[in-house]
Amino acid sequence: MAETTVAKKSIKFVITRQDKPDSQPYKETFEIPYRPNMNVISALMEIQRNPVKDDGNKTSPVCWDSNCLEEVCGACSMVINGKPRQACTALIDKLEQPIRLEPMRTFPVVRDLVINRDRMFNALKRVKAWIPIDGTYDLGPGPRMKETKRQWAYELSKCMTCGVCLESCPNVNERNTFIGPAAISQVRLFNAHPTGEMNMEERLETLMSDGGIEGCGNSQNCVRACPKGIPLTTSIAAINKDTTKHMFKQWLGM
Amino acid sequence: MKGNSYLSRKLHSLLGVIPLSLFIITHALTNFSAVEGGSERFKAAVGFINGLPLVNVLELFGIFIPLIFHGVYGLYIAYQSNLNTGQFSYGRNWAFALQRISGVITFIFVFWHVYQTRFQVAIGGITHDQLGMTMHNIATNPLFFTLYVIGVLASTFHFANGMWAFLVSWGITVSPRAQRVSSYIWMVVFVLVSAMFLMSLSAFRGDEFKEAAAALDAIRTIV
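Protein chains in written order, with the working numbering: chain E, 456 to 709; chain S, 3 to 225.
Calculated from the structure, these hints are not laboratory results. Note that CB positions come from ideal geometry on N, CA and C, so glycine has one too. Treat the hints loosely; a few may be bogus.
Unchecked claim - Listed next, the stretches of chain E that the computed footprint assigns to chain S, with coverage defined by at least 3 CB atoms under 8 Å from CB atoms of chain S:
| # | segment |
| --- | --- |
| 1 | 624 to 638 |
| 2 | 666 to 675 |
| 3 | 681 to 691 |
| 4 | 694 to 702 |
Please construct the entire structure, taking both the sequences and the accompanying hints into account.
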């Protein structure tokens, strides 16, 4: 029987690694066998199974964060070929090789590709991105939301706190106190809700204090980077309008 | 910066429009008199501005104090920003980066330009009537002319793009469409105002400004 030799396809990775939060990052190159329909997560799993660099030397398995694997949890965000995005929806067939993986350095790096997104969750706590309905008695049903409003508010609710907008923003850095686009859009979402609206001023005042909305420089990278297509710059402009109005109301005592 | 940074940013943004944007338009119009009517019209325009009542008060509170706050706080804002156009080369991100770069250039240019003109008047080196001559000397120096063209383009871009950003930051243009239309309008304003400044700058190269200078020198030597 004639022997057929099929060229074994492989995938090349250059991964920026870091052992400890305060240690120096370094790069390692990997070459792993190709399988159809792979994504960056399944490729990282392959490296985890056989942590050998392309020069044949063994190394420690690469660490990463992931959960849902369907782009709704935001945990696997990393910088892939220079752009922040989710590793689960980064399909190998659509990526240029070698595939460069880096952590999102806007956030503290825990290890390799794992980052700490605490600042985002703290921002949501600061702006009270929830609807307070707890009480000592049944408050009854709240007011209804207009359908047209519900439709755009639903888009805002798709935010998964993944951090891609903060990573792409030139004003989210250690010299700037900007809260970031995600939390501002959530203020718009909860202020749009008929019950959430009752705490509107409180949320606006938080954004009008230090480390609020003031740091936005209108680079509009966030809206281009958002994997969920959330109209972040519209949210920021709408909240600019609301905070401006609130500022004048405060001054005039209206 | 101490105090509430929201209010500082809002003040910085407002001063960019009132009075600084109004000032830059007034300045472009005054200069343009040199294109329309040459040396005499320019002298008359300068004379009109300096004949305004309380001109020193207007200058201090309408120009110098707002300019210093906007400039110094603006440098702080520029310091707080990263430039990531290499990674995200979108038009608006370029405008964001250029807004900061042009701001720094404008800061230096305005400082130098005020030194060459208003400051010389203040220390008595020249009179208001000799400003045309001063500009003639600047505009005919190839190095100064090039630096002035760069300074004028930077200032005008900073003004036009700053107006776009002001409308967003105060929540006037909210929807993507409004912001897009606004960006077209301010781009046209940038081209028109730059053209006015550059035409004036080349008008100052004309011989009549030199002759005026020579005549004045002649009078001086006689006196």
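Inset, instruction - Three residues minimum, CB to CB under 8 Å: does the segment 666 to 675 of chain E make the cut for coverage by chain S? Let me know. - result: Since 9 is at least three, the answer is holds.
Inset, instruction - Check whether three or more residues of the segment 624 to 638 of chain E sit with their beta carbon closer than 8 Å to a beta carbon of chain S. - result: Since 6 is at least three, the answer is holds.
Legend entry - Outcome, coverage of the segment 694 to 702 of chain E by chain S - at least 3 residues whose beta-carbon is closer than 8 Å to one in that chain: holds (count 8)
Inset, instruction - Would you check chain S against the segment 681 to 691 of chain E, counting CB to CB pairs closer than 8 Å, and say if three or more residues qualify? - result: holds (count 4)
Consistency with the previously given hints is maintained throughout, with no hint failing.
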